[in-house]
Amino acid sequence: MTAPLPVRPPEPATGEQQEEAPRRRTPSRLLAPLRQTGQLFALALAVVRAVFRRPFQLREFIEQFWFVASVTILPAALVSIPFGAVIALQVGSLTEQLGAQSFTGGASVLAVIQQASPLIVALLIAGAAGSAICADLGSRKIREELDAMEVMGVSPIQRLVVPRVLATMFVAVLLNGLVSVVGTLGGYFFNVIMQGGTPGAYLASFSALAQLPDLYVGELKALIFGFIAGIVASYRGLNPRGGPKGVGDAVNQSVVITFMLLFAVNMVLTAIYLQIVPPKGG
Amino acid sequence: MGIEVVVEGLTKSFGKQKIWQDVSLTLPAGEVSVMLGPSGTGKTVFLKSIIGLLKPEKGRVLINGVDMVNSPEREIMETRKLFGLMFQDGALFGSMSLFDNIAFPLREHTRRTESEIRRIVMERIDIVGLLGAEGKLPGEISGGMRKRAGLARALVLDPQIILCDEPDSGLDPVRTAYLSQLLIDLNAQIDATMLIVTHNLDIAATVPDNMGMLFCRNLVTFGPREVLLTSDMPVVSQFLAGRREGPIGMSEEKDAATLAAEQTNGNGHAAPRTVVPQLEPSPGMPVRQAALRRRERVISMMGQLPEAARTAIMNSYTPTLDGGRR
Numbered sequence: 001m002t003a004p005l006p007v008r009p010p011e012p013a014t015g016e017q018q019e020e021a022p023r024r025r026t027p028s029r030l031l032a033p034l035r036q037t038g039q040l041f042a043l044a045l046a047v048v049r050a051v052f053r054r055p056f057q058l059r060e061f062i063e064q065f066w067f068v069a070s071v072t073i074l075p076a077a078l079v080s081i082p083f084g085a086v087i088a089l090q091v092g093s094l095t096e097q098l099g100a101q102s103f104t105g106g107a108s109v110l111a112v113i114q115q116a117s118p119l120i121v122a123l124l125i126a127g128a129a130g131s132a133i134c135a136d137l138g139s140r141k142i143r144e145e146l147d148a149m150e151v152m153g154v155s156p157i158q159r160l161v162v163p164r165v166l167a168t169m170f171v172a173v174l175l176n177g178l179v180s181v182v183g184t185l186g187g188y189f190f191n192v193i194m195q196g197g198t199p200g201a202y203l204a205s206f207s208a209l210a211q212l213p214d215l216y217v218g219e220l221k222a223l224i225f226g227f228i229a230g231i232v233a234s235y236r237g238l239n240p241r242g243g244p245k246g247v248g249d250a251v252n253q254s255v256v257i258t259f260m261l262l263f264a265v266n267m268v269l270t271a272i273y274l275q276i277v278p279p280k281g282g
Numbered sequence: 001m002g003i004e005v006v007v008e009g010l011t012k013s014f015g016k017q018k019i020w021q022d023v024s025l026t027l028p029a030g031e032v033s034v035m036l037g038p039s040g041t042g043k044t045v046f047l048k049s050i051i052g053l054l055k056p057e058k059g060r061v062l063i064n065g066v067d068m069v070n071s072p073e074r075e076i077m078e079t080r081k082l083f084g085l086m087f088q089d090g091a092l093f094g095s096m097s098l099f100d101n102i103a104f105p106l107r108e109h110t111r112r113t114e115s116e117i118r119r120i121v122m123e124r125i126d127i128v129g130l131l132g133a134e135g136k137l138p139g140e141i142s143g144g145m146r147k148r149a150g151l152a153r154a155l156v157l158d159p160q161i162i163l164c165d166e167p168d169s170g171l172d173p174v175r176t177a178y179l180s181q182l183l184i185d186l187n188a189q190i191d192a193t194m195l196i197v198t199h200n201l202d203i204a205a206t207v208p209d210n211m212g213m214l215f216c217r218n219l220v221t222f223g224p225r226e227v228l229l230t231s232d233m234p235v236v237s238q239f240l241a242g243r244r245e246g247p248i249g250m251s252e253e254k255d256a257a258t259l260a261a262e263q264t265n266g267n268g269h270a271a272p273r274t275v276v277p278q279l280e281p282s283p284g285m286p287v288r289q290a291a292l293r294r295r296e297r298v299i300s301m302m303g304q305l306p307e308a309a310r311t312a313i314m315n316s317y318t319p320t321l322d323g324g325r326r
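In the order they appear, the protein sequences are chains E and D. According to the UniProt record's numbering, the first sequence is numbered sequentially starting from 1. According to the UniProt record's numbering, the second sequence is numbered sequentially starting from 1.
Honestly, I wouldn't trust all of these hints.
[Stated by the list, open to error] 25 Å max Cα-Cα, derived DMTMM-like pairs, lysine to aspartate or glutamate:
#1 E/Lys141 with E/Asp249
#2 D/Lys136 with E/Asp136
#3 E/Lys141 with D/Asp89
#4 E/Lys141 with D/Glu75
#5 D/Lys136 with D/Asp172
#6 D/Lys81 with E/Asp147
#7 E/Lys245 with D/Asp89
#8 D/Lys136 with E/Glu63
#9 D/Lys55 with E/Asp147
#10 D/Lys18 with E/Glu144
Everything labelled a hint here was simulated from the structure, so no lab data went into it.
The task is simple: from the sequences and hints, build the whole structure.
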């Protein structure tokens with residue numbers, strides 16, 4: 001039972017260990033970003049799988065949905081009005097110089113529905129909801145609440161992360177509808193009132209250039225952006241680096257990482273869309 | 001009856017820093033064990049490795065045939081339902097009241113009705129002496145209360161294995177004594193395997209059936225309490241006496257020169273320690289089955305124990321060998 005103890009190792013312990021155990025190679029610093037990326041994808045996969053595993057956390061989902069919606073609706077609406085206006089003014093001024101003034105409506109609407117609206121939604125979801133989710137999960141992590149949950153046999157991914165990711169996704173889709181409408185109305189208002197465009201030309205060009213797939217791709221983008229925002233926020237929140245300061249850093253990083261991912265993914269999606277969906281006006 | 005926990009050759013390091021290596025021990029089913037060790041020797045890490053929160057690089061932790069280190073995550077999750085873990089600072093959910101905190105495992109894992117849950121939770125709250133505070137948030141109560149609430153939450157699913165991470169830290173001596181008694185009473189009632197990680201000498205001396213000690217990246221020893229309590233290994237005797245003279249220094253271990261200087265000064269040894277009798281369950285509690293089993297076990301391994309431990313064990317069992325133990 002009582003093994004004799006080496007009260008003092010014969011040599012300084014650190015040196016001895018380094019020589020004796022080269023078994024685990026120290027991971028290269030250059031590969032750190034790759035490892036993070038891999039873990040992010042692993043989390044995304046785990047979340048997708050956990051979505052279909054029962055029991056579904058309906059209560060948590062509704063609470064999170066309400067929270068995400070409540071922090072994003074008002075800013076989204078307020079941002080989308082001037083954004084629609086800016087596009088209307090800019091496109092209006094350009095088309096006027098080109099002599100294609102009657103197409104202002106269609107062009108500005110396409111820009112709002114396809115590009116501006118999903119991005120506005122995603123930036124708000126990431127900035128307002130994602131940062132809150134990240135801070136919440138991060139502080140729970142450093143207070144050992146997540147460990148406690150795991151010890152009780154409850155998976156934090158299923159219990160906490162899945163409802164949050166689903167909430168950001170669905171709020172993003174619904175919010176995208178709101179922003180598209182408000183943005184379009186804003187553009188219409190500024191074009192007709194400020195630039196002296198005619199309502200008829202605006203609507204006619206709208207129905208000449210815009211088609212339903214434009215709306216579909218906007219919603220799809222919002223869904224994907226919401227997913228990315230939720231996953232990145234949860235990932236950074238679940239892995240804060242030491243202490244309260246680490247949580248602050250994690251929130252900061254989660255927003256920045258989400259923004260960068262959003263624009264990259266948006267470019268890819270737009271390119272694919274333009275390839276596979278024939279333009280209506282052509 | 002509790003479940004045996006078998007730890008085989010466990011080695012854990014963080015980066016280059018080795019926490020402990022080749023730790024092998026068996027927590028006998030239903031018995032109370034204590035893991036001692038100076039601060040920073042990886043006691044909490046050991047606890048978290050047993051429950052599978054941290055993954056050691058080498059070795060196994062076997063519980064009911066499930067290896068908590070290498071088995072698939074789903075089996076580990078399932079096995080964790082057998083555990084109750086009391087965290088160092090309670091690890092309560094900050095957004096829930098004490099009642100909801102303690103009810104959480106029941107709501108997640110059982111299909112009991114709300115009134116049944118209420119009954120069980122209030123019973124546990126009563127056991128740990130928190131009646132009247134069940135509506136408070138964890139941020140509104142003292143550290144000691146949080147700790148006791150954490151214990152209540154660990155107990156609510158009738159666990160087979162209870163792990164306590166420093167149950168005494170932040171508690172006054174009287175409450176620590178009550179808690180020691182509570183742990184023994186619990187063991188008598190539910191016969192769960194218990195592992196307590198602590199550096200409190202009172203708990204170490206009075207509560208456990210078995211004791212182990214971690215020091216200097218190794219498991220110094222693990223065995224019946226008398227073995228450690230009577231041990232004359234310098235580390236153990238220094239720790240149990242709370243002296244400065246010995247191999248334990250302010251930062252983990254001392255250098256050879258200081259140690260040699262101490263030895264020539266000749267104050268290395270203090271008075272011989274006496275083995276305090278173990279706590280008995282409070283009157284009215286059932287007989288502790290683990291104590292009976294342990295007696296069989298210890299007597300059968302008597303031959304391998306050191307002389308001092310043997311004497312201590314014989315002394316502790318003398319009044320009971322004729323069946324006089326309550």
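For each hint, the structure was consulted:
1. With a C-alpha separation of about 14 Å, the suggested pairing of E/Lys141 with E/Asp249 holds against the 25 Å cut-off.
2. For the suggested pair D/Lys136 and E/Asp136, the alpha carbons sit about 20 Å apart, so the restraint of at most 25 Å is met.
3. Between E/Lys141 and D/Asp89, the direct Cα distance comes to roughly 14 Å. Compliance with the 25 Å bound is thereby established for this hinted pair.
4. Distance restraint check for E/Lys141 and D/Glu75: the Cα-Cα separation of roughly 23 Å lies within the 25 Å cut-off, and the hinted pair is therefore satisfied.
5. Taken as a hint, the D/Lys136 and D/Asp172 pair is honoured in the structure, with Cα atoms around 22 Å apart against an allowance of 25 Å.
6. With a C-alpha separation of about 14 Å, the suggested pairing of D/Lys81 with E/Asp147 holds against the 25 Å cut-off.
7. Our distance criterion of 25 Å between C-alpha atoms is met by E/Lys245 and D/Asp89, whose separation comes to about 20 Å.
8. The hinted pair formed by D/Lys136 and E/Glu63 meets the criterion: a straight-line CA distance of about 21 Å does not exceed 25 Å.
9. Taking the CA atoms of D/Lys55 and E/Asp147, the gap is about 13 Å. The hint holds against a cut of 25 Å.
10. Proximity of D/Lys18 to E/Glu144 is assessed by CA-CA distance (about 23 Å); at most 25 Å being required, the pair is judged to hold.
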